[in-house]
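Asker: Sequence:
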Amino acid sequence: MSEWRSIIRSTGGYLPERIMTNDDMSKIVDTSDEWIQARTGIKQRHIAADGELTSDLATAAARQALSNAGIAAADVDLIILATTTPDQTFPATATAVQAKLETGAGAAFDVQAVCSGFLFAMATADSMLKNGLFKTALVIGAETFTRLLDWSDRGTCVLFGDGAGAVVMTREAADTSGDRGILAHHIQTDGTKSDLLYVDGGASSTGTIGHVRMQGNQVFRHAVTNISSAIDVVLKETGTHVDEIDWFVPHQANQRILSGVAKKMKLDENKVVSTVSQHGNTSAASIPLALHTAVSDGRIKPGQLILSEAMGGGFSWGASLFRL
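Numbering (my numbering), first residue to last: 1 to 324.
Fair warning: there could be bad hints in the mix.
Said to hold, decoys possible - Computed Cβ-Cβ distance ranges for the label pairs, DEER-style: (1) D243 / Q188: 21 to 29 Å; (2) I209 / D23: 25 to 33 Å; (3) D24 / D195: 29 to 37 Å; (4) D297 / A173: 18 to 26 Å; (5) S177 / I209: 40 to 48 Å; (6) N270 / T225: 46 to 54 Å.
Derived from the structure by calculation, the hints contain no laboratory data.
These numbers come from a predicted model, not from an experiment.
From the three backbone atoms N, C-alpha and C, an ideal C-beta is built for every residue, glycine too.
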């Protein structure tokens, strides 16, 4: 057993100023507010301004998380940024955040697991902290995902939005941290299903950014099954009963998926944090944004047990259990 435990000290979030409602969407594609809400639960989403970069969103969320933790940027020695929409092909967008925050020495790199990216990034940071490689980590999910959209494809363009969320994680001695901290992760991928959710471009294939393509019905079916399986793993690993969960903070893909997973796992829907109606699907940013929203409005309190899950392109999926 490790002598260290990773503790989530604080949260932060950022949403671009511009809001696009479903009525706004209906002016550019054949859709309606009724159609979108019935199928997704989404009412609006935020859109990054021209010239507003993923690193700008990530930095704003990170600054808020650091302020809420009372930790100086100079004390951060690890930055892991989950994103599918980097500023550039290289260097990693996390290095731009590092420069903007002026954290100084340390490691900064990106993780790409699409909508599951934040869970993959948090699991990576947890491992590095517990193994004594670093002391203080910023784990961020940030996306300007709307720049990957085909605005003529109503099956995808109505789903996504832009935003960023962040957490500060610190290394603390296991014998003094009590029952706080990261308790378990389960992350997995299945590359044989990549044709169901992908972007049809890339540096080595087309030399273009490409657009999101998705077979929605297939994704929905796999999402409920895979997410439920990952949740089972972390609950069994920790000996936790579903009734012990204080809050369920899932990836905000689609209200139907959130409800489907809660029903399959027999989770009390009153414990589900849902922000999808206001944010849309912000990919890797959705879990930290939802967590920050519920912490900020007082629903989630210190000491409570949190379950998170996600599934994204790849397929990638996972679940995490932690106590604030």
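Asker: Determine for every hint whether it applies to the structure shown.
Answerer: Structure-based check of all given hints:
1. D243 / Q188: 21 to 29 Å: For D243 and Q188 the Cβ distance comes to about 25 Å; the hint holds.
2. I209 / D23: 25 to 33 Å: This hint holds: roughly 28 Å between Cβ atoms.
3. D24 / D195: 29 to 37 Å: 31 Å, holds
4. D297 / A173: 18 to 26 Å: At 32 Å between Cβs, range violated.
5. S177 / I209: 40 to 48 Å: With a Cβ separation near 43 Å, S177 and I209 satisfy 40 to 48 Å, so the hint holds.
6. N270 / T225: 46 to 54 Å: 24 Å, violated
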